[in-house]
Amino acid sequence: MILAVIMMLVSCTPESCLEETDANIKAPFYLNTAKAVKAPDSLTVYGLNTGQLKIYNSAKNVTRAELPLDPVRKRCDFVLKINGTPDTITMFYDSYPHLISIECGYTYYFTIDSVIYSRNLVDTVMIRNPFVTTANEENIRIYY
Amino acid sequence: MLSVSRTAGGQSGSPDTLDFPLNIRAGAEVIGPVIYFIDRNNLSAEGFISADLNERYGLYAGGGYSDYRYSQYNYEYRSKGLFFKAGVDINILPPEKSMGRYWAGVGLRYGISTFNSEVPSFDFENYWGSLSPSISSSDYFAHYLEASPGFKAEMFRHFTMGWSVNIRRLIYSGAGKDLRPIYFPGFGSGSGKMSFGISYYFAANIQWKKIKVIVKQEAPPEEDETANQ
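Protein sequence lines correspond, in order, to chains D and R.
Here our numbering runs 36 ahead of the position in the first sequence, where the first position is 1.
Here our numbering runs 125 ahead of the position in the second sequence, where the first position is 1.
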């Protein structure tokens, strides 16, 4: 019996990771005139100087963009093409490691310091919650 | 080792006394080292001393060393440190059954865990690329409570064996919410506020005192008067 208990203790294997592991900026789109959530007819997003590897590529029905941040740097520049009109959004932030769970391991969380942006089609970018985690929470709001 | 003597004037229903030996025990937990021989990633060595104060209560002090390593597909983890715990043992066996040789009850302990932990590497990947950073070693100081119901018996002269189930409650992790340790020496897995374990131990014991304990005699069965008629 003792040996069985020992084998059971030793052979315990971790369970599968079922939690969200990506801490991305959650950025819903608001129509400036109606002040209501509205997906752009077309959305293209990519990081500046990334060879135009797309995060979104002419995507439709995206009411909330998820923007990944680079933990190695303290700023990220994104190009947003909303309905074909390009704007740039620059995020300034700090990053820190976070244990999600024993099963999932570690990721990076971020704290947004500030945002600067162009205003071709974008009207306002508002920081709603600067703490970027794996939680399903709105971080910035993009009015266009 | 055991003697029962009837007190002067001892009659049916009056208390008797029992010479009850009080022991000091010094021992070691054995499951931890056995696990280490099977899984070289996890060493936990624990020893203790305990002393009977009377037929019901005893004092307990223990401590140990833990070297814990864990790795899975996306990270490695290591913690290493010491733990100490102290408390009381409460024997629920009546003295005439315990006789200083058998013990069944619960141990209540307060534990501290002082250790360092580090993450030698973890994998991170997103749109901007892949990383394998590390999190450098940090020192922690955690507190926990433990309840250990169990049983022990003097198998041979001066040699006791026993086991206990350990139910632990972490009361202070010593860490922030971001880099909570995965493993606390003495407490166990840091996945929650509670942890559970089993201990099996060997101990040497020696009598340090003998006390007289009052033993209640069971009342004899009442005679059936109708039977004598």
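Errors might be hidden in some of the hints.
Just the calculated beta-carbon pair ranges, DEER-fashion [unchecked claim]:
no. : chain 1 : residue 1 : chain 2 : residue 2 : range
1   : D       : Ser137    : R       : Arg194    : 14 to 20 Å
2   : D       : Tyr132    : R       : Phe162    : 49 to 55 Å
3   : D       : Asp149    : R       : Asp164    : 58 to 64 Å
4   : R       : Tyr195    : D       : Ala171    : 22 to 28 Å
5   : D       : Tyr132    : R       : Arg194    : 37 to 43 Å
6   : R       : Gln197    : D       : Thr99     : 31 to 37 Å
7   : D       : Ser137    : R       : Ala153    : 50 to 56 Å
8   : D       : Asp149    : R       : Phe162    : 26 to 32 Å
9   : D       : Glu139    : R       : Phe162    : 25 to 31 Å
10  : D       : Asn97     : R       : Pro274    : 54 to 60 Å
11  : D       : Glu174    : R       : Phe327    : 46 to 52 Å
12  : D       : Lys90     : R       : Ser259    : 27 to 33 Å
13  : D       : Glu174    : R       : Phe209    : 54 to 60 Å
Per the computed footprint, the stretches of chain D lying under chain R, defined by three or more beta-carbons under 8 Å from a beta-carbon of chain R, are [what the hints assert, rightly or not]:
no. : segment
14  : 82-92
15  : 101-108
16  : 126-138
17  : 141-150
Since the hints were derived computationally from the structure, they do not count as laboratory data.
Virtual Cβ for every residue (Gly too), placed ideally from N, Cα, C.
The hints, checked one at a time:
1. Between Ser137 of chain D and Arg194 of chain R the beta carbon distance is about 18 Å. The supplied range of 14 to 20 Å therefore holds.
2. Distance hint for Tyr132 of chain D and Phe162 of chain R: a CB-CB separation of about 39 Å, inconsistent with the stated range 49 to 55 Å.
3. Against the hinted window of 58 to 64 Å, the Cβ-Cβ separation of Asp149 of chain D and Asp164 of chain R comes to about 45 Å, which falls outside the hint.
4. Remark: the range hint 22 to 28 Å for Tyr195 of chain R to Ala171 of chain D is upheld by a beta-carbon distance near 26 Å.
5. Here the CB-CB span from Tyr132 of chain D to Arg194 of chain R is close to 24 Å, at odds with the stated 37 to 43 Å.
6. At about 35 Å, the beta-carbon gap between Gln197 of chain R and Thr99 of chain D stays in the expected band of 31 to 37 Å.
7. Roughly 33 Å separates the CB atoms of Ser137 of chain D and Ala153 of chain R, a value that falls outside the hinted 50 to 56 Å.
8. The hinted range of 26 to 32 Å is not satisfied by Asp149 of chain D and Phe162 of chain R, whose Cβ atoms lie roughly 52 Å apart.
9. Between Glu139 of chain D and Phe162 of chain R the CB atoms are about 27 Å apart, so this pair conforms to the stated range of 25 to 31 Å.
10. Between Asn97 of chain D and Pro274 of chain R the beta carbon distance is about 58 Å. The supplied range of 54 to 60 Å therefore holds.
11. About 59 Å separates the C-beta atoms of Glu174 of chain D and Phe327 of chain R, a value inconsistent with the hinted range of 46 to 52 Å.
12. Between Lys90 of chain D and Ser259 of chain R the Cβ separation comes to about 32 Å, which falls inside the hinted range of 27 to 33 Å.
13. A beta carbon spacing of about 47 Å between Glu174 of chain D and Phe209 of chain R contradicts the range 54 to 60 Å that was offered as a hint.
14. Residues of the segment 82-92 of chain D with a Cβ under 8 Å from some Cβ of chain R number 4, which satisfies the need for three, so the listed coverage holds.
15. Restraint check on the segment 101-108 of chain D versus chain R: 5 residues with Cβ-Cβ distances below 8 Å, three needed, restraint holds.
16. Beta-carbon proximity to chain R at under 8 Å applies to 6 residues in the segment 126-138 of chain D; the threshold of 3 is reached and the given coverage holds.
17. Against chain R, the segment 141-150 of chain D contributes 5 residues with a C-beta closer than 8 Å to a partner C-beta. That satisfies the three-residue criterion, and the hint holds.
The structure fails hints 2, 3, 5, 7, 8, 11, 13 (numbered hints given earlier, in ascending order).
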